[in-house]
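Here the protein sequences line up with chains C and H, keeping their order.
Counting from 1, position 348 in the first sequence corresponds to residue 348 in the numbering used here; the numbering is continuous, with no gaps.
Counting from 1, position 246 in the second sequence corresponds to residue 686 in the numbering used here; the numbering is continuous, with no gaps.
Check the hints yourself; a few may be wrong.
To be verified - The following residues of chain C were derived to be distant from chain H, with all beta-carbon distances above 12 Å:
#1 D10
#2 R27
#3 V33
#4 I40
#5 T42
#6 L46
#7 T67
#8 S149
#9 G173
#10 G342
#11 Q346
#12 T347
#13 M387
#14 E394
Stated by the list, open to error - Listed below are several chain H residues computed to face chain C (Cβ distance under 10 Å; list not exhaustive):
#15 T485
#16 I488
#17 E495
#18 A570
#19 Q635
#20 I638
#21 P641
#22 T704
#23 R710
#24 T713
#25 A715
#26 E716
#27 N717
#28 R759
#29 A771
Said to hold, decoys possible - Cut-off 20 Å, straight-line C-alpha distance, at most; resulting in silico cross-link-like pairs (SDA-like, lysine to any residue):
#30 H:K752 / C:A36
#31 C:K343 / H:K752
#32 C:K182 / H:E495
#33 C:K44 / H:D708
#34 C:K4 / H:S639
#35 C:K44 / H:R712
#36 C:K343 / H:G709
#37 C:K44 / H:K752
#38 C:K343 / H:E495
#39 C:K244 / C:T433
#40 C:K44 / H:E495
The set of hints was computed from the structure by calculation and includes no laboratory data.
In this text, a Cβ means the ideal position worked out from N, Cα and C, and glycines have one as well.
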Amino acid sequence: MSIKQFSLPDVGEGLTEAEIVTWLVKRGDIVEVNQAIVEIETAKSLVELPSPFAGEVHELHAVAGETVDVGNPIISIETGETGTTDTSPTPVEEALPAMETGEDPKLLVGYGAREIGTHRRRRKVKGKVPAERPSVAPMRAVGGPPKASPPVRKLAKDLGLDLAAITPTGEDGVRTRADILKASAGTESIAAGQDSPGAGTDVADNDELRIPIKGVRKHTAAAMVKSAFTAPHVTEFVSADVTKSLELLQQVGQRRDFRDVKLTPLTFVAKAFLKALRDTPEANSRWDDAAQEIVQMRKVNLGIAAATPRGLVVPNIKGAETLSLKELALEINALGSAAREGKTPQTAMAGGTVTLTNIGVFGIDTGTPILNPGETAILAVGTVRRMPWVIQDEEGERLGIRSVLQLAISFDHRVMDGQQGSRLLADTAAIMTEPGLSLL
Amino acid sequence: MNDEPISLLNAGGSFTSSPELPFETDSTDVLALYNDMLMARTVDTEAIALQRQGELGLWPSMLGQEAAQIGAAHALLPRDIVFPTYREHGVAWCRGVDPVDLLGLFRGTTLGGWNPTENNFNLYTLVIGAQTLHAVGYAMGILRDGDVGTGDPDRDRAVLVFLGDGALSEGETNEAFVWAAAQHLPVVFFCQNNQWAISAPYSVQSRVSVAQRAQGYGFKGVRVDGNDVFACLAATREALAAARAGQGPTLIEALTYRRNPHTTSDDDGRYRTLAENDAWAALDPIDRLRTYLQSTGLLNDANVEDISRRGKALAEHLRSGCRALPVPGHASPFQNTYAELPDELERQMNEHLEFVEAAE
Chain C
1 MSIKQFSLPD VGEGLTEAEI VTWLVKRGDI VEVNQAIVEI ETAKSLVELP SPFAGEVHEL
61 HAVAGETVDV GNPIISIETG ETGTTDTSPT PVEEALPAME TGEDPKLLVG YGAREIGTHR
121 RRRKVKGKVP AERPSVAPMR AVGGPPKASP PVRKLAKDLG LDLAAITPTG EDGVRTRADI
181 LKASAGTESI AAGQDSPGAG TDVADNDELR IPIKGVRKHT AAAMVKSAFT APHVTEFVSA
241 DVTKSLELLQ QVGQRRDFRD VKLTPLTFVA KAFLKALRDT PEANSRWDDA AQEIVQMRKV
301 NLGIAAATPR GLVVPNIKGA ETLSLKELAL EINALGSAAR EGKTPQTAMA GGTVTLTNIG
361 VFGIDTGTPI LNPGETAILA VGTVRRMPWV IQDEEGERLG IRSVLQLAIS FDHRVMDGQQ
421 GSRLLADTAA IMTEPGLSLL
Chain H
441 MNDEPISLLN AGGSFTSSPE LPFETDSTDV LALYNDMLMA RTVDTEAIAL QRQGELGLWP
501 SMLGQEAAQI GAAHALLPRD IVFPTYREHG VAWCRGVDPV DLLGLFRGTT LGGWNPTENN
561 FNLYTLVIGA QTLHAVGYAM GILRDGDVGT GDPDRDRAVL VFLGDGALSE GETNEAFVWA
621 AAQHLPVVFF CQNNQWAISA PYSVQSRVSV AQRAQGYGFK GVRVDGNDVF ACLAATREAL
681 AAARAGQGPT LIEALTYRRN PHTTSDDDGR YRTLAENDAW AALDPIDRLR TYLQSTGLLN
741 DANVEDISRR GKALAEHLRS GCRALPVPGH ASPFQNTYAE LPDELERQMN EHLEFVEAAE
């Protein structure tokens, strides 16, 4: 009897880790060679791993949800064999095809077990075991500047943290991205090592459920921390009577060419916002700290925040300012359904310049959105409510029931000021109130 | 130009002759075609598993392209030469290359894996379209050797070069087309249009079919159902015969579908739908040949059992053979660059070996 370990392979050319999504076997199960045993998620895709051994599952070394480094054992299987793996290849003469040599030119490759004799057989090779890597050098306590890779240095700088004051957990005293994020979240006091993989799922009692931070949650958290502590946010609010917009929405929706298009108030807000952006291009730019420049983008890649079963994603519509209302509606819907199915193409996730977040779908009036990292403005769209409203016309002032929408904009105060932010918000609201203004 | 792919064996497994592409089913060993398609699929399935087990760095799957490859390969004579891409596992199998040798390149133990002259099967080429230039160069050599159009069935030979739809947009491929036409070379371009150049669909590459392009260069283009092993065999056989007879090049488009991701490192869910994949799975080349064989009584319990046994033996051969592939020595990059090791490189090799020894 021997127990063999299967270590997490690099299934995608240069991956360093993967998350265990689902175990398809459990301890005591009998598995066959190539039977799918576990589903893992890498940075590239979701992959099922087949067992290299046949036998009985002896132990699973990682739990679902855990992120495992490539090369670490994930399962032990008790095989019926004794001793070490026999690596001598099985001869396969009879399975190999034979090539005709001429007697019968119509039959050129055959299925018969003809001897061809030209196949070189590999002999068992006494594998030359590569030299063991030197064990990790002890962490240096003193001397030299703090170690970290350039992106990690930048992150620390962006977050305003002193590298030297952060406890390193990486090899050879290197500060990792996780160290920086932990420090910025103020939990630096947790000693290194205590947060080893798997520790998070050891539930002491039933009073608390510990959920590993991973996947989209992990990325969202990092992005939000980065954004919130880099760009000084200003948030402004406005309430608008959008009754006329809703009437127009209904009219447009009845047109033949809009028959199969899903129109929502969000479509109109997006259109109004894009129109307003033309007069406030400052909002469609980014702060390039390294170059000490504000980079204004000529195209608007409009991000739409979407809640999906896997978490929040913000795919964007490229060149949104050039789209007609119908094209915009179709793009928004396509983006949303792709996101919900987890099929957002990577290209749609990159290069966003400004973002809309539709909190109205949750029945919420308004909020203070956090900028998508690197962008200058984000507009939160609330729910449309029928509300008492002071109507002002030639007959004077009176109370009426109108459809009212709240809009909130957060912007990066490094890039622009209250004047520009207010103008953008007011212009957007004005078009929503009086959609005819968009003709101007 | 009629653009409908020529079909002889339809998805339901029934054979219909076509005036455009004469073919007699008794002109070949149909059971051998079936066996080879299944073995090719076994190699592919096993290699994917080995990659998932960490034994290979990468594997480009050919699932769904068995008919195109086995059909084309069965049209070859031993003295014809093949220039493959990196996905021609079925063709390699038919040429007699040990499938374990295919694994070395993807395990990182070799930059080649087999002797190209042993089976007239050139090494895998990873640079898209580069092999088309190697192929026309080789065909020029055949022409200069005078091994074309002699009428001697033991002398005339031709080049069969494989390419994918993605290669059509490469400069090399177009240069090769131009040159093959201008020189009237004994070469057959066999394009497996599997419709996806990694994530780019064929529709973003071209407004006409692959086969239609040949006309512009000045040679014949043929479009066949790439999941129909008879059509692929017949078209390649006809094209190779023409090439050997000195009638110049042909471009064959085998319209098929790559059912797995581009390689084991790719996630095709990001650019295409499952429904599209399902539609092509229903056109499986092996299923339709099995139906044909059953309907003609050529497949019986005994040979089904026989093929299954071969498949299992082949899978085990791949598993054990892969793990036993020799780790290359430190001198191998130097030794395999030139046919004869130049003095300067030998000096560098010795220096490197001393360095390695000192480090150990």
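Practice prompt. Check each numbered hint against the structure and report the violated ones by number, ascending.
Written response: Violated: hints 1, 3, 4, 5, 6, 10, 11, 12, 18, 19, 20, 21, 25, 26, 27, 29, 31, 32, 34, 37 and 38.
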